[in-house]
Amino acid sequence: MSSPDQPQDQPESVDPAVDPLDAEFAELQANLVNDADALTRDLAERTADLQRLQAEYANYRKRVDRDREASRDLAVAAVLTELLPVLDDIGRARTHGELEGGFKLVGESLEATVARLGLETFGEVGETFDPMVHEAIAHSHSDEVTEATCVEVFQPGYRFRDKVVRPARVAVAEPE
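Everything in the sequence shown is counted per full-length UniProt numbering, starting at 1 for the first residue and increasing by one.
No false leads were mixed into what you were given.
Using C-beta positions, here's what the derived DEER-type ranges look like:
{"#": "1", "residue 1": "Ala70", "residue 2": "Phe154", "range": "31 to 37 Å"}
{"#": "2", "residue 1": "Gln54", "residue 2": "Asp19", "range": "47 to 53 Å"}
{"#": "3", "residue 1": "Glu152", "residue 2": "Leu117", "range": "24 to 30 Å"}
{"#": "4", "residue 1": "Asn59", "residue 2": "Leu39", "range": "29 to 35 Å"}
{"#": "5", "residue 1": "Ala93", "residue 2": "Thr146", "range": "31 to 37 Å"}
{"#": "6", "residue 1": "Arg41", "residue 2": "Asp19", "range": "32 to 38 Å"}
{"#": "7", "residue 1": "Val76", "residue 2": "His139", "range": "33 to 39 Å"}
{"#": "8", "residue 1": "Glu69", "residue 2": "Gln29", "range": "55 to 61 Å"}
{"#": "9", "residue 1": "Tyr57", "residue 2": "Phe154", "range": "50 to 56 Å"}
{"#": "10", "residue 1": "Met132", "residue 2": "Glu45", "range": "48 to 54 Å"}
Calculated directly from the structure, the hints in this document are not laboratory data.
Every residue, glycine too, gets a C-beta built ideally from N, C-alpha and C.
Model the full structure from these sequences, guided by the hints.
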């Protein structure tokens, strides 16, 4: 024991063999530290797994959205492709002055609708010939051009979302 003259805050040294409770306490404390370390590692693993799953799910959602948009675009492109002959007929009727009255309104409405869906018309006289978007039906030579140029459009081309649905069918003049 301590004498009254000595301060009370210094612990007495106890031999672990003498006090089995202290030894058991030290062992439990070491086990607790080991368990805490194991739990910390498990928590880190579970957190990493959760983050990986969240990233996979986000990528899955993006892929599904992208696939859904691609499917929608394919369906719209298929319908628009079926309407191209009708649009050609409307264009020919307009060129020959046969598109009048109610038919004119129907034609303009159809053209506005397909434009709203994303269908673009291309192929104008004077455009530089591009084999990626033009189909050459006739060739000629001319001193008036400096590069292969579309001089007549037999059938306009159509593009949907930067993809050529049908090339423009044109006559091409090349420099001599």
